[in-house]
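2 protein chains.
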Amino acid sequence: MLASKLYAPTLREVPSDADVVSQQLMLRAGFMRKVANGLYSFLPLGWRSIKKIEAIIREEMDRSGAQEVMMPILQPADIWKESGRWNAYGAEMMRINDRHDVEYCLGPTHEEMITTLVKNEINSYRQLPVNLYQIQSKFRDERRPRYGLMRSREFIMKDGYSFDIDDAAADVSYKTMYDAYSRIFTRCGLTFRPVEADSGAIGGSNTHEFMAIAEAGEADIIHCSACDYAANIEIGKPGIMKQVEEDLKELEVVDTPQASTIEAVAEMLNLPLEKTIKAVVYAIEDKVILAMVRGDHDVNEVAVQHAVNGSVEPEMATPEQLEKVGLTAGFISPVGLKQTDDFAIVVDESVMETYNVCGGANKADAHYININPKRDFNTEDIIVAPIRLITKDDVCPECHSPLEYSKGIEVGQVFKLGTKYSESLQATYLDQNGRPNAMVMGCYGIGVSRTLAAAIEQYHDENGIIWPRAIAPFEVVIVPINAKDEALMSTSTTIYDTLLNDKVDVLLDDRKDRAGVKFKDADLIGYPLRITVSKNTLESNEVEIRIRKTGEAINCPIGEVSGKVQELLSQL
Amino acid sequence: MLASKLYAPTLREVPSDADVVSQQLMLRAGFMRKVANGLYSFLPLGWRSIKKIEAIIREEMDRSGAQEVMMPILQPADIWKESGRWNAYGAEMMRINDRHDVEYCLGPTHEEMITTLVKNEINSYRQLPVNLYQIQSKFRDERRPRYGLMRSREFIMKDGYSFDIDDAAADVSYKTMYDAYSRIFTRCGLTFRPVEADSGAIGGSNTHEFMAIAEAGEADIIHCSACDYAANIEIGKPGIMKQVEEDLKELEVVDTPQASTIEAVAEMLNLPLEKTIKAVVYAIEDKVILAMVRGDHDVNEVAVQHAVNGSVEPEMATPEQLEKVGLTAGFISPVGLKQTDDFAIVVDESVMETYNVCGGANKADAHYININPKRDFNTEDIIVAPIRLITKDDVCPECHSPLEYSKGIEVGQVFKLGTKYSESLQATYLDQNGRPNAMVMGCYGIGVSRTLAAAIEQYHDENGIIWPRAIAPFEVVIVPINAKDEALMSTSTTIYDTLLNDKVDVLLDDRKDRAGVKFKDADLIGYPLRITVSKNTLESNEVEIRIRKTGEAINCPIGEVSGKVQELLSQL
Numbered sequence: 000m001l002a003s004k005l006y007a008p009t010l011r012e013v014p015s016d017a018d019v020v021s022q023q024l025m026l027r028a029g030f031m032r033k034v035a036n037g038l039y040s041f042l043p044l045g046w047r048s049i050k051k052i053e054a055i056i057r058e059e060m061d062r063s064g065a066q067e068v069m070m071p072i073l074q075p076a077d078i079w080k081e082s083g084r085w086n087a088y089g090a091e092m093m094r095i096n097d098r099h100d101v102e103y104c105l106g107p108t109h110e111e112m113i114t115t116l117v118k119n120e121i122n123s124y125r126q127l128p129v130n131l132y133q134i135q136s137k138f139r140d141e142r143r144p145r146y147g148l149m150r151s152r153e154f155i156m157k158d159g160y161s162f163d164i165d166d167a168a169a170d171v172s173y174k175t176m177y178d179a180y181s182r183i184f185t186r187c188g189l190t191f192r193p194v195e196a197d198s199g200a201i202g203g204s205n206t207h208e209f210m211a212i213a214e215a216g217e218a219d220i221i222h223c224s225a226c227d228y229a230a231n232i233e234i235g236k237p238g239i240m241k242q243v244e245e246d247l248k249e250l251e252v253v254d255t256p257q258a259s260t261i262e263a264v265a266e267m268l269n270l271p272l273e274k275t276i277k278a279v280v281y282a283i284e285d286k287v288i289l290a291m292v293r294g295d296h297d298v299n300e301v302a303v304q305h306a307v308n309g310s311v312e313p314e315m316a317t318p319e320q321l322e323k324v325g326l327t328a329g330f331i332s333p334v335g336l337k338q339t340d341d342f343a344i345v346v347d348e349s350v351m352e353t354y355n356v357c358g359g360a361n362k363a364d365a366h367y368i369n370i371n372p373k374r375d376f377n378t379e380d381i382i383v384a385p386i387r388l389i390t391k392d393d394v395c396p397e398c399h400s401p402l403e404y405s406k407g408i409e410v411g412q413v414f415k416l417g418t419k420y421s422e423s424l425q426a427t428y429l430d431q432n433g434r435p436n437a438m439v440m441g442c443y444g445i446g447v448s449r450t451l452a453a454a455i456e457q458y459h460d461e462n463g464i465i466w467p468r469a470i471a472p473f474e475v476v477i478v479p480i481n482a483k484d485e486a487l488m489s490t491s492t493t494i495y496d497t498l499l500n501d502k503v504d505v506l507l508d509d510r511k512d513r514a515g516v517k518f519k520d521a522d523l524i525g526y527p528l529r530i531t532v533s534k535n536t537l538e539s540n541e542v543e544i545r546i547r548k549t550g551e552a553i554n555c556p557i558g559e560v561s562g563k564v565q566e567l568l569s570q571l
Numbered sequence: 000m001l002a003s004k005l006y007a008p009t010l011r012e013v014p015s016d017a018d019v020v021s022q023q024l025m026l027r028a029g030f031m032r033k034v035a036n037g038l039y040s041f042l043p044l045g046w047r048s049i050k051k052i053e054a055i056i057r058e059e060m061d062r063s064g065a066q067e068v069m070m071p072i073l074q075p076a077d078i079w080k081e082s083g084r085w086n087a088y089g090a091e092m093m094r095i096n097d098r099h100d101v102e103y104c105l106g107p108t109h110e111e112m113i114t115t116l117v118k119n120e121i122n123s124y125r126q127l128p129v130n131l132y133q134i135q136s137k138f139r140d141e142r143r144p145r146y147g148l149m150r151s152r153e154f155i156m157k158d159g160y161s162f163d164i165d166d167a168a169a170d171v172s173y174k175t176m177y178d179a180y181s182r183i184f185t186r187c188g189l190t191f192r193p194v195e196a197d198s199g200a201i202g203g204s205n206t207h208e209f210m211a212i213a214e215a216g217e218a219d220i221i222h223c224s225a226c227d228y229a230a231n232i233e234i235g236k237p238g239i240m241k242q243v244e245e246d247l248k249e250l251e252v253v254d255t256p257q258a259s260t261i262e263a264v265a266e267m268l269n270l271p272l273e274k275t276i277k278a279v280v281y282a283i284e285d286k287v288i289l290a291m292v293r294g295d296h297d298v299n300e301v302a303v304q305h306a307v308n309g310s311v312e313p314e315m316a317t318p319e320q321l322e323k324v325g326l327t328a329g330f331i332s333p334v335g336l337k338q339t340d341d342f343a344i345v346v347d348e349s350v351m352e353t354y355n356v357c358g359g360a361n362k363a364d365a366h367y368i369n370i371n372p373k374r375d376f377n378t379e380d381i382i383v384a385p386i387r388l389i390t391k392d393d394v395c396p397e398c399h400s401p402l403e404y405s406k407g408i409e410v411g412q413v414f415k416l417g418t419k420y421s422e423s424l425q426a427t428y429l430d431q432n433g434r435p436n437a438m439v440m441g442c443y444g445i446g447v448s449r450t451l452a453a454a455i456e457q458y459h460d461e462n463g464i465i466w467p468r469a470i471a472p473f474e475v476v477i478v479p480i481n482a483k484d485e486a487l488m489s490t491s492t493t494i495y496d497t498l499l500n501d502k503v504d505v506l507l508d509d510r511k512d513r514a515g516v517k518f519k520d521a522d523l524i525g526y527p528l529r530i531t532v533s534k535n536t537l538e539s540n541e542v543e544i545r546i547r548k549t550g551e552a553i554n555c556p557i558g559e560v561s562g563k564v565q566e567l568l569s570q571l
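Protein chains in written order, with numbering that gives the first Met the number 0: chain A, 0 to 571; chain B, 0 to 571.
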């Protein structure tokens with residue numbers, strides 16, 4: 000392709016509302032444009048990269064035995080009502096009525112639809128397993144769309160679904176997809192990590208998120224410095240932190256005027272945070288839940304939900320809810336409190352191992368000191384559970400080595416769904432004995448547009464994007480430093496034709512702009528290799544090949560350019 | 000691919016609500032499934048064919064200099080209000096509000112969005128021309144979805160848009176797309192015809208529809224038996240049919256009780272239809288329009304709209320509207336009528352060339368005989384225009400040869416839009432003199448899913464589909480007549496590997512079903528070539544290659560299969 004024909008308007012200025020690097024660079028480099036809040040158009044460069052990601056996904060999905068289909072974006076409300084998710088999905092699901100006032104949604108995911116499709120066609124164990132996928136625009140009406148493609152409202156997703164005869168077979172499908180995903184993200188050039196994750200609202204029993212490691216990520220990951228253990232901190236299992244045993248001092252109330260945070264109390268009383276305990280009050284529907292962790296720990300809301308068998312994620316309790324169960328915000332501890340049908344107390348395991356700690360006195364402007372949970376909490380009124388978030392100070396739950404912490408962008412997720420949807424939508428098959436069984440399902444998603452953004456978050460510098468070769472819009476750009484010079488253009492064109500002929504994805508920057516402008520654009524757009532054709536090197540019948548990633552520049556005889564380019568590309 | 004792994008459930012029964020052959024066959028052969036009224040899921044076979052059509056489109060669009068982009072499906076209402084189409088589009092446009100009650104539509108087409116995109120980036124004549132396209136699901140809430148993929152509510156469309164400096168340049172873009180479309184449909188194997196068409200609601204000055212010729216088509220096409228002339232009958236220019244001149248007889252009223260159709264009158268008075276004139280009364284908004292054609296002709300509503308410079312398509316007048324302007328339904332002619340601001344009379348040119356004809360007497364149960372329009376119509380009160388539909392009895396407007404009539408499925412359309420959208424959305428560029436000009440636009444659509452349906456309408460027999468090679472889901476199926484026979488399977492696998500290696504798109508039917516079942520499925524699904532591996536031919540080291548299209552079967556030595564297959568495919 001010729002740059003003079005390419006529709007790739009670059010911007011000098013960083014758009015003011017672009018809040019992450021990938022978004023800024025995609026706008027500046029002419030990869031995409033914003034249409035409205037959370038809605039983007041891909042321009043030719045961005046779309047070329049997306050298509051390369053899609054091609055890699057298709058190859059690896061097909062290779063693993065999955066088959067591509069295409070279901071409608073418009074989904075009848077009926078099937079969502081049958082599965083129970085029409086109401087559960089909330090405001091994030093975009094809903095629309097047709098001219099006859101029949102209700103539909105714009106698919107945020109397709110479990111209901113694929114289950115409905117398959118249940119009418121598959122009757123026998125002989126027809127299983129089946130694994131079907133599609134690559135399609137999905138819709139989620141985010142409360143706060145942000146971070147460009149990472150949290151947009153319309154986004155490209157690969158969603159796949161497997162159907163098996165039983166758990167063991169479903170585990171095989173799960174593993175096949177796990178492996179395919181590993182190959183896909185490896186081929187895309189991402190630095191990623193599969194991490195254990197929470198199965199959340201989608202239901203299911205086993206799940207891994209594929210996390211692209213990047214500062215801009217919204218997910219918190221803990222991983223082992225020695226073994227393969229990695230988990231979303233929501234699911235990371237913290238150990239029990241024991242404190243050095245002390246003599247139990249007498250419980251005492253002290254005045255702590257206005258000190259309604261544990262940090263303020265600790266400062267006021269000159270205590271280290273680990274010698275305090277912290278209360279956070281949640282509500283799940285009408286039930287109020289008091290969660291207690293050590294002052295230096297944080298509450299894991301997912302663990303709180305599990306501890307009380309909550310059907311939905313906990314939300315922070317309102318002042319009205321606190322008042323209803325008699326709690327004094329900022330000054331709460333389990334001492335003297337009783338659980339009821341409307342009120343549960345969940346205490347983290349490590350809290351139970353503290354001695355002589357400080358916590359709320361359950362009245363305004365006062366705290367207890369010398370709380371000893373094993374002595375002072377009524378065990379019949381509390382649930383003891385691991386409800387704190389795992390931290391870097393914990394050790395690996397598998398091999399006890401030190402842990403490390405990263406931020407991650409969730410680019411893929413594999414789920415073992417079990418029979419949640421096949422039961423609610425009656426997707427059964429007859430087994431070898433002619434008895435009906437619910438199919439065991441898995442579902443597998445890849446954020447295609449998000450993968451593009453994640454790659455940029457990982458690979459950029461102050462001058463622009465540094466594309467992994469496999470998903471670069473072009474692998475090579477040829478820059479004649481003066482497009483009006485016939486000798487330079489003639490050499491450039493010869494190299495261009497040779498590379499095209501050798502199946503290299505190459506752009507010839509034939510624009511009549513100054514060399515500086517073209518170099519800046521090449522760095523900004525981030526082609527893996529730049530071939531500079533200038534009078535200097537042409538004298539010795541050479542051109543310069545520059546590697547975007549390392550900045551290294553090599554002079555190469557014109558006749559050997561194609562071989563050298565292919566050699567360099569294979570190393571990128 | 001192995002048939003035992005392929006998700007392609009075939010049906011024995013023709014689904015009762017499938018109203019055209021393509022829909023029936025796609026359902027029976029396992030290419031797609033119905034989700035809801037006008038909504039379909041593509042199964043793997045159908046999706047393979049769609050992807051082949053898309054690949055052909057991409058190749059030809061890219062070759063013609065167009066560049067692929069991807070705009071959101073969700074479109075802000077604002078830009079449609081700016082262009083004036085938010086209201087004009089009516090119930091066919093699907094509208095949706097987001098969680099903040101901001102209005103959007105699901106894109107039925109993207110003129111507004113692409114114009115908005117381009118206008119912010121292109122400032123100078125130096126940046127033009129630009130031609131951008133996308134392949135995407137589109138949404139139109141049809142009043143009556145029908146004919147499967149031919150009139151569905153969510154469908155796959157290639158939509159493209161060109162921007163030029165002036166009319167002459169836009170004509171070049173138009174011609175480039177016209178040629179690309181011709182290549183695309185030729186490569187897809189369709190029998191098609193580009194026909195002149197009406198530009199309709201989208202606006203614009205020049206347009207061709209690409210019609211796949213098929214009985215199931217909804218469009219009426221007239222084309223010349225000798226030259227290239229072809230037109231949608233809505234736009235076909237009828238000549239003036241002259242009648243043999245007669246002495247003008249005296250106007251006379253005759254009783255025609257209950258004869259309120261021209262056919263009834265002709266029968267009652269024993270007149271040939273061409274000796275009668277027929278009234279059809281329309282309304283465009285509040286204006287009533289009396290259209291008169293010969294009794295043996297039909298009214299062209301598009302021509303009526305043009306004749307009165309109507310802004311929208313005419314609708315049939317209501318009884319109230321007729322009464323308001325004093326017309327007596329069933330007994331109307333222009334004789335004695337006067338035009339007003341609310342009432343226009345449009346008379347077809349051929350009506351003016353009739354003698355002593357019969358028409359309504361403008362009172363109930365009575366007709367005039369011996370109307371002579373040139374004598375009896377007040378020329379100041381009528382508009383004379385070519386408002387009849389062209390018929391097979393006309394001659395070619397270009398070369399005067401006989402015309403032929405076909406039904407067509409509109410699979411593509413090229414439009415010269417002019418400046419309708421660039422003016423309403425202010426998409427201007429600065430010309431060489433620094434003066435702002437509106438860009439001259441074109442838009443170009445291909446119904447991708449409809450192309451698939453059209454191919455099946457054209458190529459099928461009582462046993463199933465007969466795919467053109469380029470868009471068949473697989474080019475070749477290998478059928479070992481007994482999959483449990485190791486010798487047959489071994490030969491089949493060898494041939495399969497050889498063909499795969501030679502880049503032939505081949506399916507191996509390794510299912511353990513009876514040969515008859517596999518043959519029936521092969522015919523139904525419509526693979527262009529079937530290789531039968533049986534003991535009979537294996538004795539002489541041969542297999543049978545059968546051509547689906549002709550039914551011809553050839554025995555071929557096993558070592559020569561790949562060469563023969565490629566030779567046969569190249570002829571299909």
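Don't read these hints as lab results, they were simulated from the structure.
Some clues are possibly wrong.
One copy or two, either will do: identical chains are not told apart, so a pair holds if it fits within one copy or between any two.
Simulated crosslink set (DSS-like; lysine-lysine; CA at most 25 Å straight-line) [claimed, not checked]: (1) K406 - K80; (2) K80 - K236; (3) K373 - K274; (4) K50 - K502; (5) K511 - K118; (6) K419 - K406; (7) K274 - K286; (8) K118 - K236; (9) K362 - K406; (10) K337 - K419; (11) K502 - K563; (12) K33 - K419; (13) K286 - K519; (14) K174 - K4; (15) K241 - K483.
For this session: Can you give me the call for K274 and K286, within, between, both or neither, at a CA distance of at most 25 Å?
Result: neither (29 Å within a copy, 87 Å between copies)
For this session: Could you figure out if K502 and K563 sit no more than 25 Å apart (CA to CA) within one copy, between two copies, both or neither?
Result: Within one copy only: 14 Å inside a chain, 29 Å across chains, cut-off 25 Å.
For this session: Please work out whether the CA atoms of K419 and K406 approach to 25 Å or closer within one copy, between two copies, in both situations, or in neither?
Result: neither (31 Å within a copy, 50 Å between copies)
Problem set entry | Homo-oligomer pair classification [K80, K406; C-alpha up to 25 Å] | neither (36 Å within a copy, 43 Å between copies)
Exercise. Under a CA distance limit of 25 Å, which applies to K286 and K519: within one copy, between copies, both, or neither?
Worked result: Neither, since 59 Å and 62 Å both go past 25 Å.
For this session: Measure nothing new, just compare the shortest in-copy and cross-copy C-alpha distances for K511 and K118 to 25 Å and report within, between, both or neither.
Result: between (60 Å within a copy, 23 Å between copies)
Problem set entry | Same-copy or cross-copy closeness of K337 to K419 [CA-CA at most 25 Å] | neither (36 Å within a copy, 73 Å between copies)
Problem set entry | Copy assignment of K80 with K236, given that the CA separation must stay at most 25 Å | Neither: 35 Å inside a copy, 54 Å across copies.
Exercise. Is it within, between, both or neither when you check K50 against K502 at 25 Å Cα-Cα?
Worked result: Both ways: K50 and K502 sit 17 Å apart in one copy and 22 Å across, limit 25 Å.
For this session: Pop the pair K362 and K406 into one bin, within, between, both or neither, using alpha-carbon distances up to 25 Å.
Result: neither (39 Å within a copy, 85 Å between copies)
Exercise. Are the CA atoms of K241 and K483 at most 25 Å apart within a copy, between copies, both, or neither?
Worked result: neither (75 Å within a copy, 66 Å between copies)
Exercise. Between K373 and K274, at a C-alpha cutoff of 25 Å, which is it: within one copy, between copies, both, or neither?
Worked result: within (15 Å within a copy, 110 Å between copies)
When the structure is compared with the earlier hints, violations turn up for hints 1, 2, 6, 7, 8, 9, 10, 13 and 15 and for no others.
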